[in-house]
Amino acid sequence: MVKGGMTAKAHAYLDYNATTPVLNEVALAVTAALGSFGNPSSMHGPGRQARAAVEEAREAVAALINAPAQRVIFTSGGTEANALALRGLAAAGECSAVLTSAAEHPSILAHVAEHDRIAVDKNGIIDLDALERALKQRAAPVLIAVMFANNETGVLQPVAEAVALARRYGALIHCDAVQAPGKIATDMHDLGVDSVSLSAHKFGGIKGAGVLALRGGVEIAADMLGGGQERRRRAGTENVPGIVGMGAAARYAGRLLDGGSRVTELRDELEAAVKSAAPQARIFGKDRPRLGNTSCISLPGISSETQVMRLDLAGVAVSAGSACSSGKIAPSHVLLAMGVDPHEAKSAIRVSLGWETTRADTSRFLEVWLALAAQFQDS
Amino acid sequence: MGFAKPTAATRVVVAMSGGVDSSVVAALLKSQGYDTVGLTMQLYDHGAATARSKTCCAGQDIYDARRVADMIGIPHYVVDYEAAFKTAVMDPFADGYIHGETPVPCVLCNQTVKFRDLLKAAQDLGADALATGHYVQRLESDEGAALHRAADPDRDQSYFLFSTTRAQLDFLRFPLGGMNKRETRELGLKFGLHVAAKPDSQDICFVPDGDYARVIRALRPEAARPGEIVHVDGRVLGRHDGVIHFTVGQRKGLGVGGEVEPLYVVRIEPEAARIVAGPKEALLRRAFSLRGVNWLGVGQGPAGDGIDVRVKLRSTHQPVAATVFGEAGGERARVVLAEPEAAVTPGQACVVYDGARVLGGGWITRDEAPAALPHNLRRRSAAAAPTARVSVA
Chain E
686 MVKGGMTAKA HAYLDYNATT PVLNEVALAV TAALGSFGNP SSMHGPGRQA RAAVEEAREA
746 VAALINAPAQ RVIFTSGGTE ANALALRGLA AAGECSAVLT SAAEHPSILA HVAEHDRIAV
806 DKNGIIDLDA LERALKQRAA PVLIAVMFAN NETGVLQPVA EAVALARRYG ALIHCDAVQA
866 PGKIATDMHD LGVDSVSLSA HKFGGIKGAG VLALRGGVEI AADMLGGGQE RRRRAGTENV
926 PGIVGMGAAA RYAGRLLDGG SRVTELRDEL EAAVKSAAPQ ARIFGKDRPR LGNTSCISLP
986 GISSETQVMR LDLAGVAVSA GSACSSGKIA PSHVLLAMGV DPHEAKSAIR VSLGWETTRA
1046 DTSRFLEVWL ALAAQFQDS
Chain S
38 MGFAKPTAAT RVVVAMSGGV DSSVVAALLK SQGYDTVGLT MQLYDHGAAT ARSKTCCAGQ
98 DIYDARRVAD MIGIPHYVVD YEAAFKTAVM DPFADGYIHG ETPVPCVLCN QTVKFRDLLK
158 AAQDLGADAL ATGHYVQRLE SDEGAALHRA ADPDRDQSYF LFSTTRAQLD FLRFPLGGMN
218 KRETRELGLK FGLHVAAKPD SQDICFVPDG DYARVIRALR PEAARPGEIV HVDGRVLGRH
278 DGVIHFTVGQ RKGLGVGGEV EPLYVVRIEP EAARIVAGPK EALLRRAFSL RGVNWLGVGQ
338 GPAGDGIDVR VKLRSTHQPV AATVFGEAGG ERARVVLAEP EAAVTPGQAC VVYDGARVLG
398 GGWITRDEAP AALPHNLRRR SAAAAPTARV SVA
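Heads up: the protein sequence lines correspond to chains E and S, in order. In the working numbering, each residue's number is its place in the first sequence (first place is 1) plus 685. In the working numbering, each residue's number is its place in the second sequence (first place is 1) plus 37.
The reader is advised that the hints may include incorrect statements.
[Unchecked claim] For the chain E half of the interface with chain S, some residues (derived, Cβ under 10 Å), not all of them:
hint	residue
1	872
2	875
3	988
4	991
5	1060
[Unchecked claim] Residues on chain E that point at chain S, a partial pick, calculated with CB under 10 Å:
hint	residue
6	713
7	817
8	818
9	987
10	993
11	994
12	997
13	998
14	1014
15	1015
16	1061
[Unchecked claim] Computed list of chain E residues with no C-beta within reach of chain S, every gap over 10 Å:
hint	residue
17	723
18	901
19	1018
Read the hints as simulated data drawn from the structure, not as lab findings. Positions of the beta carbon are idealized from the N, C-alpha and C atoms, including for glycine.
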């Protein structure tokens, strides 16, 4: 595995769910794409060259998630892909509402009315009975949005069961799978959902490229209007370097997956050390199926802000809750939806590992974090 | 700055507001080699404060602080004190006006959110000190750190820091206390800070448009209770829309005409929703009480048998001679002025000085009716009556 070409190693980087290092293969492909600057919509040679690069990337992403290539739509990222799914699918399918769980990403929740957010259990898993009750109440078709894996806890959602409910009640179903590639196998055909959203920079690509993939036979109404790009589903000149980078990352994601057990081992070691040295700490979703790289840990009595700042000043990068553009940290809506006490939610951080993480990185985290835990225990 | 270790091993957290003063402090400390960390407090929803709910919760100042930190190359974090700021500053601000007082929210903020919560955050980050951009001086004395007026009298902000405790003062540093504003701006230019020419803030931060009555109504919808404006001689002069619109010493905006002498607000009676107006002489006060006294001088408070000092009754007031008597074990105090003063305004701070040194201070209470004035004191009425409306630090 090629390592570390583009990343600064000043920090022990344990925030892969926020964004990942750019894979060397991606950096090379993106750099090459900067040279083929043509507009993919142009008829001439440079245009055709750029178009070919985009189509190659489309095929690579389609292969990654087992989706039909002609139904892979490039967007500016996961947020736009989710917006296009929720607005575009709902409009084309004449859906009366969007139902989702309260633990979804803000780019989903922003489209869903408060009373259409289905409760989750203490592990953050959508209450399927409540979902079914909500489906029964609707005469007109609805759209369901269920994420593959939670970005804060890593907990997997029962997508197959939600798909079964969707089929029974004639609903459409979208799956935000932004956290999946490179961490867990993602097969759109097996999942059976109507659409899937992805983001390049969560698995080694660069920021500014994402995908909405549609199942055969499902249509959307375009949101961004203008030119006829992306088969009239998303107007605007393609972000060729970003798309090419996403294609390269997609080709590499299988190998990232192969390294997953090493990452999971490191994560489990870290959690064991946390639990033995700081028994007051709590690890969320630990006993449920979840991503092998993610650990969401609360340390009652020490605010998330303090933990993140102390770790950062000591050269360890983790995150907490969701940061506003001001940079202030709000308590995690995911933990609050799970019924975690707001005080405890304000003391939680997310540690997420990846392919470049070493035992030196997790040891550095433990050294700083356990010292902090001990300091506040004493005072 | 009085640390017993090398600068590189000394972590100083700078309270960065996004203005030129605290930005220069951060750049200065960084240039001196300190392990400098910037913290900016998110205090209120900027979008809501400016009645533009679609805008971001963060104002331009937070962005400016971040850009300065980026530019000088220090870690910088935004810490969320919205809840604490509402409880400790905005609610008491509204309640103060409702109770007929004219509060000084900047003092409350320094006392609570800044020097209690932010200082704690700095300690949690392993800092050796918290530095701010205030224009005051912290001088080492035999009894420990002492708080003194700034070298530049036009810039002095000691009035807003009277409630700083000894323990807080030990941990605080004020690198601009010996400078004037021109020197600060020159340093800002020298360090290449984009905020070097940024105008000073003029209003209370959470009332950016100056309409503080709107903010109070938003916090306390019941505050707009109309009532009567009466003359000190008992005559009803007119009506008003709520006591929150008035401050003791105010002349304009009473909306009553036909009087021979100009009229001033001499008293606010919130229980009866009554504004009492009268001629200038009626404003003169010689003695009043303080609550919430903080003491940085010798002992736990001003001596019970009195101490001769100078006191400052508004942020723009020139200190005047007075005797301060400690009461209730230092919690309260009684102030007797050498000469009567117009507009001793309940809710404002009375800060006690020994020369340039801040001995402490307290909040002016409205617990007594003005004493009858001796005839020989009425000559002072020709002086302008200052008001204590907007004062920020």
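Hint by hint, here is what the structure shows:
Because the beta carbon of residue 872 (chain E) sits about 40 Å from the nearest beta carbon in chain S, more than 10 Å, this interface hint is broken. Violation of the interface hint for residue 875 (chain E) is found here, the shortest Cβ-Cβ separation to chain S being roughly 41 Å, above the 10 Å cut-off. Annotation: residue 988 (chain E) was flagged as interfacial toward chain S, and the flag holds, the nearest CB pair being 8 Å apart, inside 10 Å. With 10 Å as the threshold, the beta carbon of residue 991 (chain E) comes within range of chain S, its nearest partner Cβ sitting at about 5 Å, so the hint holds.
The restraint placing residue 1060 (chain E) at the interface with chain S holds, with a minimum CB-CB distance near 9 Å, inside the 10 Å limit. This hint is violated: residue 713 (chain E) has a C-beta 30 Å from the nearest C-beta of chain S, more than the 10 Å allowed. For residue 817 (chain E), the shortest C-beta to C-beta distance to chain S is roughly 36 Å, which exceeds 10 Å, and the interface hint is violated. The beta carbon of residue 818 (chain E) comes no nearer than 34 Å to any beta carbon in chain S, farther than 10 Å, and the hint placing it at the interface is violated.
A hinted interface residue such as residue 987 (chain E) counts as satisfied when its beta carbon comes closer than 10 Å to some beta carbon of chain S; here the least separation is about 8 Å, so the hint holds. For residue 993 (chain E), the interface hint holds, since its Cβ comes within 10 Å of a Cβ in chain S; the closest pair sits about 8 Å apart. The beta carbon of residue 994 (chain E) is positioned within 10 Å of a beta carbon in chain S (closest approach about 5 Å), and the interface hint is therefore held. Hint status for residue 997 (chain E) relative to chain S: holds, with the closest Cβ pair at about 6 Å, below 10 Å.
Checking residue 998 (chain E) against chain S: minimum C-beta separation of about 6 Å stays under 10 Å; hint holds. The closest approach between the C-beta of residue 1014 (chain E) and any C-beta of chain S is roughly 6 Å, which is under the 10 Å cut-off, so the hint is satisfied. For the restraint placing residue 1015 (chain E) at the interface with chain S, the shortest Cβ-Cβ distance is roughly 7 Å, inside the 10 Å limit, so the hint holds. Checking residue 1061 (chain E) against chain S: minimum C-beta separation of about 8 Å stays under 10 Å; hint holds.
Under the 10 Å C-beta cut-off, the non-interface status given to residue 723 (chain E) relative to chain S holds; the minimum distance is some 36 Å. Every CB of chain S is more than 10 Å from the CB of residue 901 (chain E) (nearest about 40 Å), matching its label as outside the interface. With a cut of 10 Å on Cβ distances, residue 1018 (chain E) stays outside the contact zone with chain S, its closest approach being about 15 Å.
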